[in-house]
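Enquirer: These are the residues of each chain, in order.
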Amino acid sequence: MAKVEKLRIEEAPETLSMDPKKFILWGFIVTIIMLFASQTSAYLVRRAEGNWVEFEVPQIFWTSSVVLIISSIAMHWAYLAAKKDNFNTLKIAISITFVLGLAFLWMQVEGWKDLVAQNIYFVGNPSGSFFYVFTLLHGVHLVTGLIVLCVTFISAMRLKVHAKNLRRIEICTTYWHFLDILWLYLFAFLLYFR
Amino acid sequence: MSVVEANLGHDVHSHDEHEHHELNFWRQYIFSEDHKVIAKQYMITGIFWAIIGAAMSVIFRLQLGFPGADLSWLKPFLGDWITETGALDPNFYLALVTMHGTIMVFFVLTAGLSGTFSNFLIPLQVGARDMASGFLNMLSFWLFFVSGLLMFISIFLETGPAAGGWVIYPPLSALPQAHMGSEMGMTLWLSSMAIFIMSSLLGSLNYVTTVINLRTRGMTFTRLPLTIWAFLITAVLGIISFPVLLSAALLLIFDRHFGTSFYLSEIYINGEALPNVGGSPILFQHLFWFLGHPEVYIVLLPALGITSEVIATNARKPIFGYRAMIASIMAIAFLAFIVWAHHMFVTGMNPFLGSIFMFLTLIIAVPSAVKAFNYITTLWRGNIVFTPGMLFSIGLVSLFVSGGLTGIILGNSALDIQLHDTYFVVAHFHIVMGAASAFGFFAGIYHWYPKMFGRMLNSTLGQIHFWLTFAGVYLVFMPMHYIGIAGFPRRYYQFTSFDFGKSFTDLNMFVSIAAIFTFFAQFIFLWNFFYSMFKGKVAPQNPWNSNTLEWTTPVNVGHGNWVGEIPAVYRWPYDYSKPGSDVDFIPQNIPHSQTLESNFPHENEYIAQEKEIEAQNYNDQFASH
Chain V
1 MAKVEKLRIE EAPETLSMDP KKFILWGFIV TIIMLFASQT SAYLVRRAEG
51 NWVEFEVPQI FWTSSVVLII SSIAMHWAYL AAKKDNFNTL KIAISITFVL
101 GLAFLWMQVE GWKDLVAQNI YFVGNPSGSF FYVFTLLHGV HLVTGLIVLC
151 VTFISAMRLK VHAKNLRRIE ICTTYWHFLD ILWLYLFAFL LYFR
Chain G
1 MSVVEANLGH DVHSHDEHEH HELNFWRQYI FSEDHKVIAK QYMITGIFWA
51 IIGAAMSVIF RLQLGFPGAD LSWLKPFLGD WITETGALDP NFYLALVTMH
101 GTIMVFFVLT AGLSGTFSNF LIPLQVGARD MASGFLNMLS FWLFFVSGLL
151 MFISIFLETG PAAGGWVIYP PLSALPQAHM GSEMGMTLWL SSMAIFIMSS
201 LLGSLNYVTT VINLRTRGMT FTRLPLTIWA FLITAVLGII SFPVLLSAAL
251 LLIFDRHFGT SFYLSEIYIN GEALPNVGGS PILFQHLFWF LGHPEVYIVL
301 LPALGITSEV IATNARKPIF GYRAMIASIM AIAFLAFIVW AHHMFVTGMN
351 PFLGSIFMFL TLIIAVPSAV KAFNYITTLW RGNIVFTPGM LFSIGLVSLF
401 VSGGLTGIIL GNSALDIQLH DTYFVVAHFH IVMGAASAFG FFAGIYHWYP
451 KMFGRMLNST LGQIHFWLTF AGVYLVFMPM HYIGIAGFPR RYYQFTSFDF
501 GKSFTDLNMF VSIAAIFTFF AQFIFLWNFF YSMFKGKVAP QNPWNSNTLE
551 WTTPVNVGHG NWVGEIPAVY RWPYDYSKPG SDVDFIPQNI PHSQTLESNF
601 PHENEYIAQE KEIEAQNYND QFASH
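Protein chains in written order, with full-length UniProt numbering: chain V, 1 to 194; chain G, 1 to 625.
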């Protein structure tokens, strides 16, 4: 297989080297990056103007970050299982990722409750509002990630994900890792620019 | 051979749906995944919106040209928006201006122009069977349709559609109690635009992916027609800038409906203080114009790409400075992201920052001048064929130059203090962005109509349409500059309360008459367009003797575009009037080994590469059949 790939690259230097569907995923990731880049820069612009209420970031967001990192590891485990045609492991690993994703979302909501307990509401000083908006927007994207996981799980059930057809699991893995990294960026950003 | 097999194995699963069977009516014409059908859907929807948008401008031009005139004859159309005394309701005037801007910028010149020509030309000109994802492409059109539907519904609301200007600055747009247009109309505007953004992003992702991944054998980047380059860069602009508009709109929605204070601070309405503290309306302007400025080029670049192609074909000359054209498209696209604050010179911005943005803005004149120069030098001593498409392309170059020059004036932060929000701005962007892009749209339709419908448009009617439109556009917008320099502010219902304001009346009347004249001239085009679809002369395969790949397809292009193999590409698309050649055009799919008499010395070396090109994989999406 590797030999064929190499042959193809030598013969066709100018044409397709990337799967179009995966390319679309990367384009989609660029749009999400721009969405959050604009949000975080709006945050910085607004923060620079003063009248900015500072508050403690609830501890649970640390826990949720760890949970999300573990889910990413599980996702990668699933990918490796698919590569080795290890279907049982694949299904278990995807399920673990899914459950951890749900747990992450639940923790985010708990985090909101802690914020409310601190008298930081969605409506009020923009510093708090931005915190809610960032977590909410990331949460919405994570829900789309969960949907992708479901789709991948169903196709894994139908034995459509295997070493010779990795496109779906690769797309799923890339997207999930991206959502993970996106959250780590947002969390670090929110901690640093309080 | 093993190469093909490897690809086959890869593609088998994903293309099961492309079985060759007759699709039913719904799948073939309504929820079609074929890029040509989707392109036509975009075109028809775009034309529909263009008629509505232009008709709106005629109504508010009536008010501006003839303030106080009895408009009660419009009552059957506008109902209660015409008051008892026969005057146009001022609230509705604001709504008309807002809707005209929104419709023209987003629905006609973004979706209509890019949607039509990117969809139609990208697969045909790069040599692909279809877009990278037919399903996403279909989704993109239908999201656009839904967004248009929401906007259309908003026109019929009792409180009227959004009326805060197409830029929807808060706090006006954020507070429903600020104006009747900020009630349900604004809600629908925001929902519509959110859906529109998704549609636009799906479309753009598809365009970029198709251009980069689905080019045919031999179609290197330096052999891409300039249309494709323009569409590619336009799509990249869209992918980067539209999410930012979504961001701005989201925060505005939170402010409007959930009571947050991103854009609102210390506002009194009817003597009562609002609870919102700590927001910044300028923040919205920054976010909005970070999209808003690239949007100008999203509108203009496809038109410039179409012009490059049409001018080279009909001047029977290679495009002058092919690589300079690509570089200038890229330079314009890059600069588009770092000049947004020139829309905000008078927001109390630091004057030093203002001069930086002024400097960056004026640099855009350089790549723009390169383009204008290259168009003119391509025309220079060419064997020009004055098809309607060519006329509109030359008209575009004229508008691009005359509208661009006033851009240099407006880009100055000091001059902007006088000119900001006057009709000078309106005249500037209508010429360089509105009319120029509309001319690109017309040029594209006249040029590719034979490929779209297999029939020719009537050329005489096309030429009449061009001259009336060309004269009309200049008659409308040239005098408008003077009204603006004199200080007439835009978006005003009327400006006759002071004596000096009355001195604008005759010029305004002239502009309005010219606008109505231009509006009616477009019906020549509409008649030609729909009549020729059924009764036009049947088109030959390559009516303009053009080099690009779309003219190698059958006259009536079927699903999959080419019957049999996709042609390979051996040369750039601008081999017109090549010395030594018997014919004045050599299509891209003719190898150099067949044109020994006209090859340049370095091109003879390409003959050796032909075998390599032919050995490359097909990129054929339907290859498994």
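FYI, nobody ran anything at the bench for these hints, they're computed from the structure.
There could be a bad hint or two in this list.
What the hints assert, rightly or not - Here are a few chain V residues that sit away from chain G, every Cβ distance over 12 Å (derived from the structure):
no., residue
1, F36
2, T40
3, A103
4, L137
As the list claims (entries may be wrong) - Straight-line distance between alpha carbons at most 25 Å, and here's what the computed SDA-like set of lysine to any residue pairs gives:
no., chain 1, residue 1, chain 2, residue 2
5, V, K21, G, Q463
6, V, K22, G, K535
7, G, K40, G, Q463
8, G, K535, G, I30
9, V, K21, G, L136
Stated by the list, open to error - Stretch by stretch, here's where chain G covers chain V in the computed footprint (C-beta under 8 Å, at least three residues):
no., region
10, 75 to 83
11, 112 to 125
Beta carbons are placed, not taken as given, at the ideal position from N, Cα and C, and that holds for glycine.
Enquirer: Let me make sure I understand: some of the numbered hints might not hold for this structure. Which ones are they, in numerical order?
Expert: 1, 2, 4, 5, 6 and 10
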